[in-house]
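Protein chains in written order, with the numbering used here: chain W, 10 to 722; chain C, 7 to 165; chain V, 1235 to 1355.
These are calculated hints, taken from the structure and not from any lab test. Treat the hints with care, as some may be off.
What the hints assert, rightly or not - Sample of chain W residues with no beta-carbon within 10 Å of chain C, all distances over it, derived:
| id | residue |
| --- | --- |
| 1 | D24 |
| 2 | E49 |
| 3 | L644 |
| 4 | N685 |
| 5 | R691 |
| 6 | G695 |
| 7 | W715 |
As the list claims (entries may be wrong) - Computed spacing ranges between beta-carbons, pair by pair:
| id | chain 1 | residue 1 | chain 2 | residue 2 | range |
| --- | --- | --- | --- | --- | --- |
| 8 | W | R370 | C | N98 | 54 to 62 Å |
| 9 | C | E24 | W | G666 | 54 to 62 Å |
| 10 | C | N98 | W | Q350 | 51 to 59 Å |
| 11 | C | T142 | W | R557 | 29 to 37 Å |
| 12 | V | R1309 | W | G216 | 49 to 57 Å |
| 13 | W | S53 | V | R1256 | 27 to 35 Å |
| 14 | C | N98 | W | G515 | 37 to 45 Å |
| 15 | C | F81 | W | E687 | 49 to 57 Å |
| 16 | W | G624 | C | N89 | 27 to 35 Å |
| 17 | C | S110 | W | G442 | 21 to 29 Å |
| 18 | V | D1277 | W | E137 | 36 to 44 Å |
| 19 | C | F81 | W | R719 | 33 to 41 Å |
| 20 | W | N353 | C | I45 | 36 to 44 Å |
| 21 | W | V651 | C | N89 | 35 to 43 Å |
Only a predicted model underlies this, so the values are computations on that prediction, with no experimental measurement involved. Quick reminder that beta carbons are idealized off the backbone N, C-alpha and C, glycines included.
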Amino acid sequence: MSDTHTSESSGDVFDLSQFHGVFYEEAGENLTSMEALLLETDESNADDESLNAIFRCAHSIKGGAATFGFQDVADLTHVMETLLDRLRRRELAITSGMIDTLLESGDVLKHLLASRQSGTDAGIDCTELVARIGAFAHGTGAAAPAAVAPVAAATAAPVAASMTEAPAAASASPAAAPLAPGERVLEIAIGPLDQPRLADNVVELFGEIPGLGTIEPSDDGKPDAAQTRHFRVVSTVTDSDLLDLFSFHVSREQVSIREVGAAATAVATPVATPVATPEADQTFGLFEDLPEPVAAGVQAPAAVVVAAPKAEAPRAADRAAPASANLESSTIRVPTEKVDQLINLVGEMVITQAMLAQTGRGLDAVVHQAMATALTDLERNTRLLQEAVMAIRMIPMTAVFNRFPRMLRDLSGRLGKKLELHTIGEDTELDKGLIEKITDPLTHLVRNSADHGIEMPADRIAAGKPEHGTVTLAAAHQGGSIVIEVRDDGRGLNRAKLLAKARERGLSVSDSMSDTEVYGLIFAPGFSTAAEVTDVSGRGVGMDVVKRNITSLGGSVEIDSVEGQGMRVSVRLPLTLAIMDGMSVGVADETYIVPLASVVESIHMTASDVKSVGGTGRVVEVRNEYLPLIRLDELFDVPRSVEHNGGIMIVVEAEGGRIALLVDDLIGQHQVVVKNLEANYRKVPGVSGATILGDGRVALILDVSWLIRRVRH
Amino acid sequence: MNARANAVVNAVVERPREYLTFRLGEEEYGIDILKVQEIRGYEQPTRIANAPSFIKGVVNLRGVIVPIVDMRLKFGLGSAEYNDFTVVIILNLGARVVGMVVDSVSDVMELSPEQIRDTPEIDSVVDSSYITGLGTLNDRMLILIAIEKLMGTAEMALA
Amino acid sequence: MTSILAVDDSASMRQMVSFTLRSSGYDVIEAIDGQDALDKIGDRHVDLVLTDQNMPRMDGLTLIRELRCVDRFKRTPILMLTTESSDEMKQAGRAAGATGWMVKPFDPQRLLEIISKVLPN
């Protein structure tokens, strides 16, 4: 089908390619839904809503593909739809082989669509896949169908055996809805034949071609006076297709087909349209005047079967058609570049507003009252605008988590292990940019748990564990961060082995290292051997790269483990990289920013509050607890002309630890736009980024986590 | 070795190119004008702790954080004063934007290959592997530098 | 202006149909499923209904039955958009009260031809 259609009469040109983009997105979402639904399907207890929803996904893709001329996609989805239709009508029982094949088809469709979209050739031959699905659909696939209708089973079974039985069954019970949907009962006359045996060849067709239907002689094998053979056929195939097939053996003029089956009442035939023969134009038709429903006995059940599951499917339906069925709220699709630009502009506006506020402070508030009020309003509106804009980019972790069911299923098969996935807190939101960057490291961690953590089923049972290994993904907000955990109930880590291995690799370790530090060795560069580095996405990835990726996002990662019971990897990330609440502090002549999220409290102090420990360390007592004290002027080597006593102490907390920072002044609290220092410079220890103050100067943002880790050693 | 290296580098310079010239101490240097984004006065950068002394810190360039390198300190040329005449050349080197403090900026000059000579074995503060040649114009000698290469080296401590 | 209600859960199909019809001067009301269609028509007059079959919440056949219960839709031409022309489909459509059917995929020109056949005058 071409993409443009010209009408001679109106001269309009319909360029359908303008709708391709929407179709690709839609198809993508349908494929995602379909995969999720397939993974959730329990073979022993598949529910109607899910099966219908899966059917609708394939059906929808097929409709669009056919309309826009994507034949390869249409052909594959057509046969999938055939299988899914039978499954949702419970004519076939779903098996895990079918699920695997449908999942595989979903992957193939993704490739086909992606190739179309990029204008390249997918180079995939779907013939085998289509045949395999066809075999499932017609019941000649690997799994034996627990068929419902006796005739359906009979027609699906190897045809050679059913040639005489099935049609007999069909004709024996004509009225009690014996025909599968789409099946017609036909009387076929073939002749006059010079050699009536030619007709036997036609009969053999039904034995050779699966799914063609059944055929039975209705003339006891003897031609009639006109040398014509008569047969009774039950088939879903159209007359024209049957004629095509028969024409291999006999000429078309010798074949006449008459529909006599229950589905074909006198009503059906006169739907002839202005356009030619019944078999030629099946594409449009008008019913006659609206009559009372006819042949209710047969049709009504079919109608009910068709209508009922669909009318009731709330949950599965909502999941199945996320884009088109925006049931509760309407949405607009916006390219991410537009959103990013919006965020940049808002960020610049925040800086300008800060400058204005700074300038405004120098004015006499009474004289310039209107200005002062306006500036206050501006500050509030700017903050609200910024929060609203940042919220646009926040999307739930589902975006990351939803790839893991499929991955674990594949890994299960490949590793020969039984793996189950639990997810907690998938609604937790994270900035889109971070979601994209955290996906690879998380994938590696999950894969690591499956590969190295979870034991083989036999070993698990021997250890008194359930056969299924469980991998748990959990996400939650904590203060200004998000914490993502990858947990498994596998064999956990062995401290001694890790230490030994580290020594082997030449890393400097000591037996006095804490458990956390020993487990953390896994992240040390050079720790993993090449044999263990599992290649997740075609690139060599090791745990050290995982850690580096996470820290480059301003995050941290830690491992906890109990040998024999399992392991937990905790990843902590800032909620967003772009904007943060900060407390600006003065240190001599310099200004630094302390992330407000890590500030516990600030206290005035004098020199006498500081106690020294071990000669060089300093601690300070806060609420009956001694905290390590860090002087920022020493940490950052800030030049001082005059000795300073006292100052402000700020207690900060991160990674489960607390320390006190000594600064000269508290300047203020405000939102800061975080600027990347590494774009043009490099990573500076102790500094997580930079920001631009109201007076245009740059201030460095303190990396509290780094500081606390440093103090620990 | 030096001449050969220069020949290789020079082979790239085929047609007249424009160079921005600037002074460091007593010497005049020239760099490819295409690498120059803008020229600014000197403003006090934000100091970064534990950075080499020739990295003065970072400044805000219309919302982008840019490191400032004092070439006079790096190469020990002249006395590094900071006053109203101090100039910062903002370089756009593709992968990064860097500002370098120099004593003064002269003009943009066009030099044809004939006006560029190989660099003899001189004792230069700038590693001669970054000198692409000596430009001569009237009685001025310009030391032509591959500034992008120079800024990318480990000793510049920018990466 | 002649007004057509187009019901299909596929956005690309809806867009294609709307574009085609609007380019030819028809006014188009779009709905994503049967329920949405009923919500959207309100008191409006509609000259023709095109509806897909497989949709969430309320499918095409149910929509047709519902529409026929409303006085002003008793005589409105309603075309089922269907992917196959089986007798079962035809019977079901007829029983629900559809005026006719049209098989997908169709091209825009065909759509316009059929609509002009089906609309009175």
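Evaluation of the provided hints:
no.	hint	verdict
1	D24	holds (41 Å)
2	E49	holds (47 Å)
3	L644	violated (7 Å)
4	N685	violated (7 Å)
5	R691	violated (6 Å)
6	G695	violated (7 Å)
7	W715	holds (13 Å)
8	W:R370 x C:N98: 54 to 62 Å	violated (36 Å)
9	C:E24 x W:G666: 54 to 62 Å	holds (56 Å)
10	C:N98 x W:Q350: 51 to 59 Å	violated (21 Å)
11	C:T142 x W:R557: 29 to 37 Å	violated (49 Å)
12	V:R1309 x W:G216: 49 to 57 Å	holds (51 Å)
13	W:S53 x V:R1256: 27 to 35 Å	violated (50 Å)
14	C:N98 x W:G515: 37 to 45 Å	holds (42 Å)
15	C:F81 x W:E687: 49 to 57 Å	violated (26 Å)
16	W:G624 x C:N89: 27 to 35 Å	violated (44 Å)
17	C:S110 x W:G442: 21 to 29 Å	violated (43 Å)
18	V:D1277 x W:E137: 36 to 44 Å	violated (55 Å)
19	C:F81 x W:R719: 33 to 41 Å	holds (34 Å)
20	W:N353 x C:I45: 36 to 44 Å	violated (26 Å)
21	W:V651 x C:N89: 35 to 43 Å	violated (26 Å)
Hint violations for this structure: numbers 3, 4, 5, 6, 8, 10, 11, 13, 15, 16, 17, 18, 20 and 21, all remaining hints satisfied.
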